[in-house]
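Enquirer: Residue numbers (the numbering used here), protein chains in the order written: chain A, 1 to 318; chain B, 319 to 589.
Hints are computed from structural coordinates only; laboratory data are not their basis.
Bear in mind that the values here come from a model prediction, so they are computed numbers and not experimental data.
Some hints could be false.
[Claimed, not checked] Listed below are the simulated BS3-like cross-link pairs for lysine-lysine, each with C-alpha atoms no more than 30 angstroms apart in a straight line:
1. B:Lys-474 to B:Lys-347
2. A:Lys-290 to A:Lys-264
3. A:Lys-104 to B:Lys-426
4. B:Lys-426 to B:Lys-344
5. A:Lys-144 to B:Lys-426
6. A:Lys-264 to A:Lys-235
7. B:Lys-347 to A:Lys-139
8. A:Lys-144 to B:Lys-344
9. A:Lys-104 to B:Lys-344
10. B:Lys-426 to A:Lys-79
11. B:Lys-347 to A:Lys-104
Letter by letter, the chains look like this.
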Amino acid sequence: MQTTIATLSTRSDAHAANFAPVVASLEGVSKSYGDIQALRNVNFSVHAGQVVALLGPNGAGKTTAVKLFLGLIQPDSGKARVFNGDPVNPANRMRAGAMLQVGKVPETLRVREHIDLFSSYYPAPMPLEEVLAAAGLEKLRDRKFGDLSGGQRQRTLFALAICGNPDLLFLDEPTVGLDVEARRSLWEGIRQLVDRGRTVVLTTHYLEEADALADRIAVINRGTIIAEGTPAEIKSQTSGKRIRCVTEVSLATVLQIPGVSAAKQDREALEIHAVEAEPVVRALLALDPKLSELEITTAGLEEAFLALTQADSNDRNN
Amino acid sequence: MSTSTAVLSHPQIQRSSSHSATIYWKEAKYEFLKNLRLRVYTVSVITFPLMFYVLFGLVLNARETVGGTAVPTYLIATYGTFGVMGASLFGTASGLASDRGLGWLQVKRASPMPPFAYFVAKVTLSMTFSAVVVALLLVLGFSFGGVRMPVAEAAKLLGTLVVGSLPFSAMGLAIGYFAGPNSAPAAINLIYLPLSFCSGLWVPYMFLPKLVRQIALALPPYHLSQLALGIVGAGRHEPASTHWQVLVAFTLICLGIARIGFQRDQGKLYG
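Please take these sequences and the hints and turn them into a complete structure.
Expert: The following block contains the structure:
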């Protein structure tokens, strides 16, 4: 409950923040890797002081977006801009920090040594003690990276992202693979940074994480941003229900029922996705009184994405 | 600090030269510490040349000579070259391949680290470990092999071999850009060991089969070892300038290949 209160208070400024200057943007960006199109004509901007979450399933293009912002890759078309300039510009890099997904970090260096080295790259770094405190690493300062647990490793990478005291922070899947406790402790670190007025862009495939941290969520799927809004707005669009039943009503008819966003045959049953379950069930029972094995469940994020993408393509057809 | 007010201003942050020096120093220092604590590196790079030297130079053939030069003296030059090659190839290639392939280099590239500092650190590491290997060989030779030479000559030998680390560091960077993170150590050994043998670093050049002797003339370790042997009055007494020219040309070719890899990485899928 406390988390909800905390996020609500930051969210009240969300609309005001839209008038703040744009500090990072993708302007009509497309990017392909061979045959795979990672981003398609994406327009996306981040205003100063905001926490923006790029929410999407694996392979949606989130990491590609972050790498474009960091100048690690170049777009095929369009432009990535940071502080109104090229992300590659060293002056811009000095004002940004990044936490990326890494396979292997040098394991024989200690936590404080890693931080000391990265701090040296920046003109006005945070003092070591402050970095350790912000990342919750005070007791692990002399530990070698190779001896850390998964959560502690992520916190060290987080420390490297913030040690330069950056105005703009990119966090790519900061809590992936962490247990609940480690995740919450990292969230706490991110929130403290937000309280200092930093701008944060984070990617995640957890709706819960985006909801807990972000002022604004952009839902990305197959290289396109399919929804954008406050967490409340996004949740209302994605919190659908899944209805499963055995019925004689045809798939085509089911798809005509208002409120149905997707439906498919699954063995002998139909699986229907709808924003609200009750009106759809009422309609189904009216069409087929012999309907059986009715099950209604809250849709997971996967279904939520499906619902959003479905709505997206329906809009285009109409 | 208010984000919205200052956020779009463009402070042209220029690093002072002392700040840059600090970055280069720390990058090199931590590269050194990182590898010093990596047993795989220290053991293979320092222990192997010393072990071979003790076995073949001190225990087995200590009283023999090669073309008039005592074996313990001769082998300091050749195992010194062998050690320098190992320290340099492993010091650059395996770290670079792993940093590249497993995402760490990307984290560094996203930071404001001057890219050159990263390479300078690896080359400095290679030269430092090269110096350590050669110095230890000299200590062993002087203490247990009856090796005698003027201090100036020993210093020249050490200096030449340490500078001779550069072509192999360049070669290591080239390998590091084209080998996978897991295959790099195998790739290095596949190049390092045959090159050492064919260049006469294990078996003195004159005892090699004729075909191998001809191949050796095209191999950089042969030229470095001949420079080192020349200092202790052994070897084939070819003009030193020829050896240096070969080593410089080889360095430039390797740096050219590494540069291709570097540029390819800038626009790569997961470089």
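Enquirer: Take a quick look at whether Lys-426 of chain B and Lys-79 of chain A sit within 30 angstroms of each other, Cα to Cα.
Expert: 23 angstroms, holds
Enquirer: Would you mind confirming whether the straight-line C-alpha gap from Lys-474 of chain B to Lys-347 of chain B stays at or under 30 angstroms?
Expert: 26 angstroms, holds
Enquirer: Under the criterion that the straight-line Cα-Cα distance not exceed 30 angstroms, is the pair Lys-104 of chain A, Lys-344 of chain B satisfied?
Expert: The hint holds at about 20 angstroms.
Enquirer: Are Lys-347 of chain B and Lys-104 of chain A close enough, with their CA atoms no more than 30 angstroms apart?
Expert: 20 angstroms, holds
Enquirer: Could you grab the alpha-carbon distance between Lys-144 of chain A and Lys-426 of chain B and see if it respects the 30 angstroms cut-off?
Expert: 19 angstroms, holds
Enquirer: Quick one, are Lys-290 of chain A and Lys-264 of chain A close enough, alpha carbons at most 30 angstroms?
Expert: Holds, because 19 angstroms separates the two Cα atoms, which is no more than 30 angstroms.
Enquirer: Does Lys-235 of chain A sit within 30 angstroms of Lys-264 of chain A, going by the straight-line distance between their CA atoms?
Expert: 23 angstroms, holds
Enquirer: Please work out if Lys-426 of chain B and Lys-344 of chain B have their alpha carbons no farther apart than 30 angstroms.
Expert: 14 angstroms, holds
Enquirer: For the pair supplied as a hint, Lys-347 of chain B and Lys-139 of chain A, is the alpha-carbon distance within the 30 angstroms limit?
Expert: 24 angstroms, holds
Enquirer: Does the alpha-carbon distance linking Lys-104 of chain A and Lys-426 of chain B stay inside the 30 angstroms limit?
Expert: Measuring from Cα to Cα gives roughly 13 angstroms; hence the hint holds.
Enquirer: Are the Cα positions of Lys-144 of chain A and Lys-344 of chain B separated by 30 angstroms at most?
Expert: 17 angstroms, holds
In terms of the numbered hints stated before, the structure departs from none.
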